[in-house]
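> Residue numbers (our numbering), protein chains in the order written: chain A, 29 to 380; chain B, 8 to 136; chain C, 4 to 82; chain D, 406 to 831.
Take the hints with a grain of salt, since some may be wrong.
Rough simulated footprint, nothing fancy, chain B against chain D, three-plus residues with beta-carbon under 8 Å [to be verified]:
1) 582-596
2) 613-621
3) 679-692
4) 749-761
Straight line, CA to CA, 30 Å or less: simulated DSSO-like cross-link-like pairs of lysine-lysine [stated by the list, open to error]:
5) A:K57 - A:K169
6) C:K74 - A:K233
7) A:K229 - C:K81
8) D:K753 - A:K151
9) C:K59 - B:K80
10) B:K80 - C:K81
11) B:K34 - B:K78
Hints are computed from structural coordinates only; laboratory data are not their basis. These numbers come from a predicted model, not from an experiment. Each residue gets a CB set at the ideal place from its N, CA and C atoms; glycine is no exception.
So you can see what is in the structure, the chains are spelled out below.
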Amino acid sequence: MGKIKVVHYVNQFFAGIGGEEKADQTPFKQDGTMPIGAQIEKAMQAINADVEIVGTVVCGDSYFNENLETAKAAVLDMIKSYEPDLFIAGPAFNAGRYGVACGTITTEVQEVLGIPVLTGMYKENPGADMYKNKVYVVPTKDSAAGARDAIKKMAPLAVKLATGAEIEASCVDNYMPNGIRKNFFETKRGSERAVEMMIKKLAGKEFVTEFPMPDFDRVDPNPAVKDMAHARVALVTSGGVVPKGNPDHIESSSASKYGEYSIAEFDDLTSETHETAHGGYDPVYCNQDSDRVLPVDVMREFEKAGRIGKLHEYFYTTTGNGTAVLNAVAFAKEFSQKLVAAGVDAVVLTST
Amino acid sequence: MAYNFKIMTNNELVFEKYGNEYEVDYKPGTYEELLLRVRTEVHNGAKLLTHPLSGSIKPNETPFKTVYLKKGKGPLHLDFDSVEMIENAIITAKKFKIRFPVMPDYIRADFALIDLSLMESALPAATQA
Amino acid sequence: MVKEIERAGIPVVHICTVTPISMTVGANRIVPAIAIPHPLGNPALSMEEEKVIRRKIVETALEALETEVDKQTIFEVKY
Amino acid sequence: MKLELGYIKISDIQLSNESKVENGVLYVNPEDIINLIKEDENIATVAVDVARPGESVRITPVKDVIEPRVKVEGPGSIFPGVIGKVNRVGEGRTHVLKGAAVVTTGRIVGFQEGIIDMSGEGAKYTPFSQTMNLVVTCEPVDGLRPHEHEKAIRFAGLKTAVFLGELGRNVEPDEVETFETLNVKEGIEKYPNLPRVAYVQMLQSQGLMHDTYVYGVDAKRTLSTIIMPTEVMDGAILSGNCVSSCDKNTTYHHLNNPVIADLFKAHGKTLNFAGMIITNENVYLADKERSSDWAAKLCQYLGVDGAIVSQEGFGNPDTDLIMNAKKIETVGVKTVIITDEYAGRDGKSQSLADADPLANAVVTGGNANMVIHLPKMDKVIGHINFVDTIAGGFDGSLHEDGTIEAELQIITGATNELGFNKLSAR
Chain A
29 MGKIKVVHYV NQFFAGIGGE EKADQTPFKQ DGTMPIGAQI EKAMQAINAD
79 VEIVGTVVCG DSYFNENLET AKAAVLDMIK SYEPDLFIAG PAFNAGRYGV
129 ACGTITTEVQ EVLGIPVLTG MYKENPGADM YKNKVYVVPT KDSAAGARDA
179 IKKMAPLAVK LATGAEIEAS CVDNYMPNGI RKNFFETKRG SERAVEMMIK
229 KLAGKEFVTE FPMPDFDRVD PNPAVKDMAH ARVALVTSGG VVPKGNPDHI
279 ESSSASKYGE YSIAEFDDLT SETHETAHGG YDPVYCNQDS DRVLPVDVMR
329 EFEKAGRIGK LHEYFYTTTG NGTAVLNAVA FAKEFSQKLV AAGVDAVVLT
379 ST
Chain B
8 MAYNFKIMTN NELVFEKYGN EYEVDYKPGT YEELLLRVRT EVHNGAKLLT
58 HPLSGSIKPN ETPFKTVYLK KGKGPLHLDF DSVEMIENAI ITAKKFKIRF
108 PVMPDYIRAD FALIDLSLME SALPAATQA
Chain C
4 MVKEIERAGI PVVHICTVTP ISMTVGANRI VPAIAIPHPL GNPALSMEEE
54 KVIRRKIVET ALEALETEVD KQTIFEVKY
Chain D
406 MKLELGYIKI SDIQLSNESK VENGVLYVNP EDIINLIKED ENIATVAVDV
456 ARPGESVRIT PVKDVIEPRV KVEGPGSIFP GVIGKVNRVG EGRTHVLKGA
506 AVVTTGRIVG FQEGIIDMSG EGAKYTPFSQ TMNLVVTCEP VDGLRPHEHE
556 KAIRFAGLKT AVFLGELGRN VEPDEVETFE TLNVKEGIEK YPNLPRVAYV
606 QMLQSQGLMH DTYVYGVDAK RTLSTIIMPT EVMDGAILSG NCVSSCDKNT
656 TYHHLNNPVI ADLFKAHGKT LNFAGMIITN ENVYLADKER SSDWAAKLCQ
706 YLGVDGAIVS QEGFGNPDTD LIMNAKKIET VGVKTVIITD EYAGRDGKSQ
756 SLADADPLAN AVVTGGNANM VIHLPKMDKV IGHINFVDTI AGGFDGSLHE
806 DGTIEAELQI ITGATNELGF NKLSAR
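Just chain A, with the same shape it has in the complex:
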């Protein structure tokens, strides 16, 4: 089998250029490996001699996150120039912006170049939550001191990905659970595992549940709005209200995209102007009067009466069902930044 070409992505620190002061480093590529890349390559070659890191692409964390579109495009081209069979980013350990950069670029490479990708970071790294359901993320320790351990876990999974071997359950192939349930054979039968888990739980020791209940993590409530009369309030819905004709073709359930539409010149939604894209419930009522799902008419009245300061010009919409939808989480992360940037003080979220 011919050589298996791998491209490795690192930030300014792991390229030996410098720390925070060099975080604005613009993207460049270099044949061969950086020090950490050489270690990863050595570990991979111990499993499969054909695997080789043919090139490394470097970009400063600040440059990447602050010039997202241009950086992504530039880094992507450099990666493409090597025509790799596998792309590895990081590991980023607990470096937040590096982790987000690794997650962003691996997802981009996976979608655009369609080749297997892998990264690694500490579970508390913000990049982990954002991307563990999109790409394989190997859990690492929270600092570079954990480099050997990270490489020991990343190398076998990298070789499996590069050779198209079947990826097994998250605890077998050492990647962060990504919500996709995979069967495998434990060494002990279930009842024995249950007894062991019970003993740990009774002793107050840490145990790992084999099936985490759906996402129950809590987010602390924000302080109340002090002066609603001057507050900018935005409307968001998972009920799928869209302008008539559903211009962006938002899918009828668990949509893969969200809509951002202006209601600046609307005091009332009517059957001529708006409808619902949601397929999970009887659409007749919403299509007759979308105010029943997105209360623009009443919010406009409250704006005119001074009950609220301003009804935000844009509303955000998608279709989800009752359970937490992976895409919806990503959409909300994205448009929440836009709401913050637009100075929105509060959000009314309606769902069906």
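Go by the hints and put chains B, C and D onto chain A.
This is chains B, C and D only, laid out in the frame that chain A set:
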């Protein structure tokens, strides 16, 4: 004697046997269509008395389902437990692709009988409530 | 979705029918809506009557945003 | 209450002209079995076969699997209230033909459940590919209604297992294991500083082909109650449940309940196995509330520190399981629950039909929607053309070349919710 429960089903056997004794809202249709009909009732305030996924036979296997409901007091008084249960049941049913649109009658008859038996196992409790 | 908006630092009120699911999804300020197909309306009523109900729900939602909460709280709408 | 189990290791089953157990071989005269079963005039024909681990044999549809046992000392006999008279069991000594099993098959209703492959991919997922199986295929008389039909085949299996168990009455066991459950006071006095743990078993109880019997009583008509683990070893609980083959408990599972076995292994060392509670899974929601309230109350009254909860079946039992877990945790008793999952063929769907943050300790027996490919078997015992309508099988799952493409849920015992297997998921 008027009971305060109502039976919704797509199983003709249930209607034949109990149609004149209790209020049986029978309408032929698929398992999922029946769940959606139950959901509309629940969203008008009805309360579930039996679990919409009763029976271990999978939603895409048996064509029949029967559910007991208690009439509600209108959409402003939702029973949230029932709402959550029927919503989760629909999500669960959707996981199973309908596989036997065409089924020999003798197999349909067996499924109808089992659904009838499941329904009958709840009858004593429902009539005493 | 509601958690990501809250996490971004914007107070958010969730108007939804299935309160238990909203609870499990982690909303802190919850206003029970009318029904899934028409959370802020009731087709059985006239347009004007519907608007009265919608105003009450949205008013409750605004009050929820103006109320300090430390954990998940359901704000009942007084019809 | 103390019980000794005497294991008589069975290495092979041979059909012969005399039924006996000799040097670890179970000899069976098919006529004995056929005459025994045909005492029930509802059964028209009976066939007896042997299926051994590694053979290219497929058994389907599987109604129940039973382990041959016989009580040699102590009151009562195996399957009290069903085959044996109603008499309290769970004490004295019981002999077990360890390694042997009776498997009943035959058309019950049009659709059917359960495949046991003795070799190939399917064998990996069922415990009954490792047992020496005496397969009894029964066909009913015409016009028998499913209720009577199900009962006839259930009794055929139980009677056969009792008959075979009888053959081991005077055989010296290869190994004896002793189990003892002390009463609450003795238990606390003997193990003052070991955490006390109960086992809460949920029994499938929803109607025809969904029932479980306790001393012959249909579980759906019972309130949650206490039972001695050793009573279960003598067949106090047996299966009338032949639906959802991957996660239904066969009578074999009840007799060899793994939670009981593993709690006894830890008993006196790391925990005090304080007792066992059985509760049902009814169709009527108010019954679910009442039964789970009652089970939590018993946990509280026994003053246990922890409870392992197991369920049986698909869909609505998830609601009972979560109710039990939530209420038991609320009375201050820590829980570990055992379940399986229906996460869709791609593993991305919502695994359970219910959830609660309190159920934070879960053991899983795997995703029953996983698609598997079963090779052709040379010999099929039972009826093969039913596989199309078997749960998990889909149109065209039975290919002309005899191979089967279907979901794991068609394999008997594959994702058992007592924790009987090593299969899991993450």
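> Which of the listed hints are broken here?
Of the numbered hints, 1, 7 do not hold.
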